[in-house]
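> This is what each chain is made of:
Protein chains: 2
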Amino acid sequence: MSLLFFQIASLVISLLAFGAAFWLYKWVEKQPSSNAKIAEVSKLIRNGANTFLAKEFRTLTSFCIVAALLILVFLPSPIWKGDILDNVTMAVAYICGTVFSGLAGKIGISIATIANVKSAETATKGIKPSFMSGFRGGAVMGMAVVGSSLLGVTLVLLITGNESALLGFSFGASSMALFAKAGGGIFTKTADIAADLVGKVELGIPEDDPRNPAVIADNVGDNVGDVAGMGADLFDSNVASMAAAIVMAVAIDNKIGGNTNVAMVLCYAAIGLLASIIGVLTARMKEGGDPTRALNSNTYVTTALYAVLTAVATFAFGFEWRIWGACVIGLAVGVIIGLASDYFTDDRKPPVHAVAKACESGPAFTILSGVSYGLLSALPAMVGIAVSALAAYNIVAPLAPDGESSLIYGMFGISMAAVGMLSIVGMIISNDAYGPIVDNARGLVEMGGLGDKALEITDSLDSAGNTVKAVTKGFAIGAAGLTVIALLGAFMSEVNTAVDEINAAGEKVLEYITGFDIMDPVVFFGLLFGAAIPAVFSAMLMLGVDRNAQRMVDEIHRQFKDIPGLKEGKEGVKPEYDKCIEIATKGAIRELIPAGLMAIVCTLIVGFVGGVQAIGGFLTGNIISGLLFALFMSNSGGLWDNTKKYIEAGNHGGKGSNAHKSGVVGDTVGDPFKDTAGPSINTQITVVSLVASLTATIFLTISIFG
Amino acid sequence: MSLLFFQIASLVISLLAFGAAFWLYKWVEKQPSSNAKIAEVSKLIRNGANTFLAKEFRTLTSFCIVAALLILVFLPSPIWKGDILDNVTMAVAYICGTVFSGLAGKIGISIATIANVKSAETATKGIKPSFMSGFRGGAVMGMAVVGSSLLGVTLVLLITGNESALLGFSFGASSMALFAKAGGGIFTKTADIAADLVGKVELGIPEDDPRNPAVIADNVGDNVGDVAGMGADLFDSNVASMAAAIVMAVAIDNKIGGNTNVAMVLCYAAIGLLASIIGVLTARMKEGGDPTRALNSNTYVTTALYAVLTAVATFAFGFEWRIWGACVIGLAVGVIIGLASDYFTDDRKPPVHAVAKACESGPAFTILSGVSYGLLSALPAMVGIAVSALAAYNIVAPLAPDGESSLIYGMFGISMAAVGMLSIVGMIISNDAYGPIVDNARGLVEMGGLGDKALEITDSLDSAGNTVKAVTKGFAIGAAGLTVIALLGAFMSEVNTAVDEINAAGEKVLEYITGFDIMDPVVFFGLLFGAAIPAVFSAMLMLGVDRNAQRMVDEIHRQFKDIPGLKEGKEGVKPEYDKCIEIATKGAIRELIPAGLMAIVCTLIVGFVGGVQAIGGFLTGNIISGLLFALFMSNSGGLWDNTKKYIEAGNHGGKGSNAHKSGVVGDTVGDPFKDTAGPSINTQITVVSLVASLTATIFLTISIFG
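Each protein sequence line maps, in turn, to chains A and B. Letter 554 of the first sequence, counting from 1, is numbered 558 in this note's numbering, and no numbers are missing. Letter 390 of the second sequence, counting from 1, is numbered 394 in this note's numbering, and no numbers are missing.
So here's chain A without its partners, still in its complex pose (with noise of 0.2 Å):
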């Protein structure tokens, strides 16, 4: 088959996915809704998210159109020394990225703040259909982020025929994804704070009390930080990981003939998308059933259902079997690191039992039990991803012709394994954008005074995306780990096109990077700078959620004492819900802007001191620093979340004794922790590989020590 068939197909696929979520969209929006007091609320919500959403798109335009002139100007070389024409198609791929990126979070935010009310509202009838509001409402996120991410990357690969320039289309998305995710980030944890310290602890007033000035912008958060920021942030992993695997498809392509690698690559992609179709559409709920097992087992079909396709494809097209392997080993380490991830945050595991019990000698013991299982719960994970990266390297590596380095097959084997753990990234991000639909529609259902048996549903189904996001988190920063990785050999041969170039123009004579030698000094330099990025990183966000929460709190105590009336409760007396979204908003893009330059900055100093080689280090330190880094604190973080809850279901004097106050200090922690900086570090990383493969040119030939 040519390769054009499997860019129509997967061209059909992708539209097939639009179809899928324009389906499930209409679908959410038939479900009935009729409570005043909840559309109020809920245009509130939405008002606020699309505030966030504008203001950030606006700051964030200023920054891609930088970007982008940048771009024209420099990559993939110099305007005065390369092909105008591949800078101009470099920067309008890095536009697309973002425009894409940008899209399919606008597409999950207005379904999102539809299907809330749905799901808040259907929960009067029962479980099943509030649970299918919630999911579908997620689902139609799954299908816009992934059908985009296959439509943008066949599209710029037919129109350009140039793999260089998925890089930019990539890079569009990761920096996008970085600001999104991270701001997003900054924007929920900001507003979840603030408004638990004040309610909950200083005034003793429930979650989601409507006198509560925070109470919208924490609504709002859900939205933008878990919708829009985790969408930008898988639509990210999963264009750099088909990114990545395309170039080093094209460069064995290039060595053996044909395009067969190309194919295959977008063929396993495609089918990802399908499984993952089906399996949305598929899932159902019996009444009374239960949610948790409900959005695992389509986890589960969809995965064995990718493994079958897949291998009908490899036998049907004469693929090789090999790749296949790289590919299935990589979804089935996704997978164990996902439960491995589940047995740390499981209420029902000793991990969650043990820091509940210490939570009875006070915040200190919680949070010392809890960093110490965060940090414990790294190593499967790491392990995971290093046994799965040797694995497929080793599967794929003897397919190198006679005589051939292997290098660069291994490296594509590592990118498959990544291809292959993010296929079913529809199936992971609808179950994720399940948990704040469903968080939004408990707050709901208590502000909209819908009773007691709804509420007791939908605390149950918000329970169950807790838990699930638990194995989808682990599965992201798996799927990132191994596309860094992958992203490493894609640097790799960037560096060796412009090897060539260079040689070509015989302006100097370089010779062909290899490898990154831990024992030369300027790559340990690098290993050790790259180290520590992560770690500045994420403390910049967390101080900046810290600052950006005091200032609420300022705000919610003013309005307490400047409003009257609204302590009391009294009838007709509402907060000022938008000055709590104004400062979430403007909190949220100023704090993250410096750490993200911090990050793309240092890579650039790096570069500068070091040359190419240097980079090799800092992007590896980074990676392996990230990865432990994301583990640690997205763990350790659903690991309070779920102990505080398991306190409030009654166990070691359950809500109100001091394991309740302790787990509650343990929550406040894991906070910034899980929802802010750890899953921040993902986008971070790809970020920097991305900025380093880009500009992977100049180093080559200006910097100090390189």
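Misleading hints may appear alongside valid ones.
The list makes no distinction among identical chains, and a pair is therefore deemed to hold if it is satisfied within one copy or across any two copies.
[Unchecked claim] Okay, derived cross-link-like pairs now, DSS-like style, lysine-lysine, Cα gap no bigger than 27 Å in a straight line: (1) LYS665 <-> LYS361; (2) LYS361 <-> LYS565; (3) LYS41 <-> LYS571; (4) LYS649 <-> LYS665; (5) LYS41 <-> LYS110; (6) LYS361 <-> LYS204; (7) LYS665 <-> LYS204; (8) LYS659 <-> LYS204; (9) LYS590 <-> LYS361; (10) LYS47 <-> LYS34.
None of these hints come from the bench; they were simulated from the model.
Following the hints, complete the assembly by docking chain B onto the known chain A.
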């Protein structure tokens, strides 16, 4: 000058150090003491410390015997293959390493448990004599540790003439340090946390109140953790830095003939000790002076003296100026890292103020901001280590003869930077051991009822100890960082010696290892796996402290319940101090074994899976994440400690305020961070590096993917 001259000079200077230690010991002993109550308490502390040490040594003896037997059979090569004499030498060197380390610890404990009394009782006379007792007590430890490390290294070299035996000696020191530091760290924090939790938090009685059953255990902990443990740690780093430098110096000398480089290593190390002796003996403080300034100025005097004396020696003996340069860079960067640590932990600097402010919003904010600043604090040190390694490598590398690889020269440069950084370790230990001595003195003043003026004096001495600790800890971590990078060079050098032997024996034909390529999937596997180890190791230690503290809290509760009149402070009623000491002792030993074994076993697993290349990656991953976690944990721990003290000094509401309560939570979390997990990571890294170096031969021939 011949090598023998420098060996004899080193022996003489080591003996001088012992002479100085003896003189200082006698001086401290001569200070007046007469208070019977203090004598009684101090006897309890001394006995407790000796009980712990005896028990720890007994457990370690079994461990060391097993290790020595394994060494005898397998190292440097299996007994049935190589020369049996080599194996005996290695085993004996190993045992000597453990004995020397143990001896230094024992001397430290003996003097510390005298000096605390002297410092307490002279506090009634003024700050000067109290300071001098504390400082000179610490200096005994400093002289003993550095004297015995130089003595041991010189003797091993003189007697065996075999530089590999030095790695055996170093491994002995290292395995001792791993257990002494981790065991002591668990002991001290178990007691500290348990005492605070019941005493200060539950009952509201002051620190060091004699009614508290854990109070003696707490004071014992200062000695076994901060004196003996810290001494073993720096003994280990000091020996390892010399061993790594000598292994590479020998490799260079073998190539170029002569033994100038080995001589130079000894010469520089001996001058470092000499400078420390002079610095220690001339240290003074004016009555009414600032103890922090006195301690720091001692360090700067020693540093300057060292730089000058080594320059003179380099000129006089015709050593290479480039190597001197590497040494001085190490020293300078050590000072910079120390200052950076100081910035993040000093209560006159913004980070402490920001965390103290955050304390007003509750404990969760104390933790979040402390974690953030701790993470930020890693950047200057990581970059500092990276830059110094890069600079030292590039300064020394040009010494390589034309056409020869400069790698070993460059790595030798890095090892000399480590030697330079550790040159003033005698002074560092003196300052560091001063801390727990005056901390103990403060407790004795309280328990002996020596009055408010004495309490104020010892309080100010204690606070100076805390401040200086930050600088010395930064120094220790930086030095360990450079040392383990140098050990990576020693590892490769050892591997290549083994390659020579295997090839000579004609069993297999192996190629030399010239580096570790990150793009080799086996190396990458090692990197990811190795990076997870420090996280797991520190988590295991912290969980150990947690479990052990729970046991002790139960015991304290039991005593307050079962012993009538204890809570009310009835005359003549005493708690059963020894029960708490026993719990801390047993628990520390029980909890430290699994963590230490885990690190060693993982090294072996990685070796069996991926061979020497995987080990190279493993060591690197381990070093990078180890440094990051050590810096993060030590600095955030120090930051929380000083934040609490800053609030207690009357800021943000002072003692008893909500901010203070949050500060106490931060301090409790920080305690195992900074005194158990953080500093133990240093020794964990060194142990793993040495295990790898020693077992390199085995993994050259046996491994799955290697």
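> Now tell me if each hint is right for this structure.
Hints versus structure:
1. LYS665 <-> LYS361: This pair counts as both: shortest intra-copy Cα distance 13 Å, inter-copy 21 Å.
2. LYS361 <-> LYS565: between (38 Å within a copy, 22 Å between copies)
3. LYS41 <-> LYS571: Classified as within: same-chain Cα gap 20 Å, cross-chain 58 Å, threshold 27 Å.
4. LYS649 <-> LYS665: both (12 Å within a copy, 24 Å between copies)
5. LYS41 <-> LYS110: within (25 Å within a copy, 74 Å between copies)
6. LYS361 <-> LYS204: both (22 Å within a copy, 21 Å between copies)
7. LYS665 <-> LYS204: So LYS665 and LYS204 pass the 27 Å test inside a copy (11 Å) and across (19 Å) alike.
8. LYS659 <-> LYS204: both (11 Å within a copy, 26 Å between copies)
9. LYS590 <-> LYS361: between (40 Å within a copy, 23 Å between copies)
10. LYS47 <-> LYS34: within (17 Å within a copy, 81 Å between copies)
The structure is consistent with each of the numbered hints, conforming to all of them.
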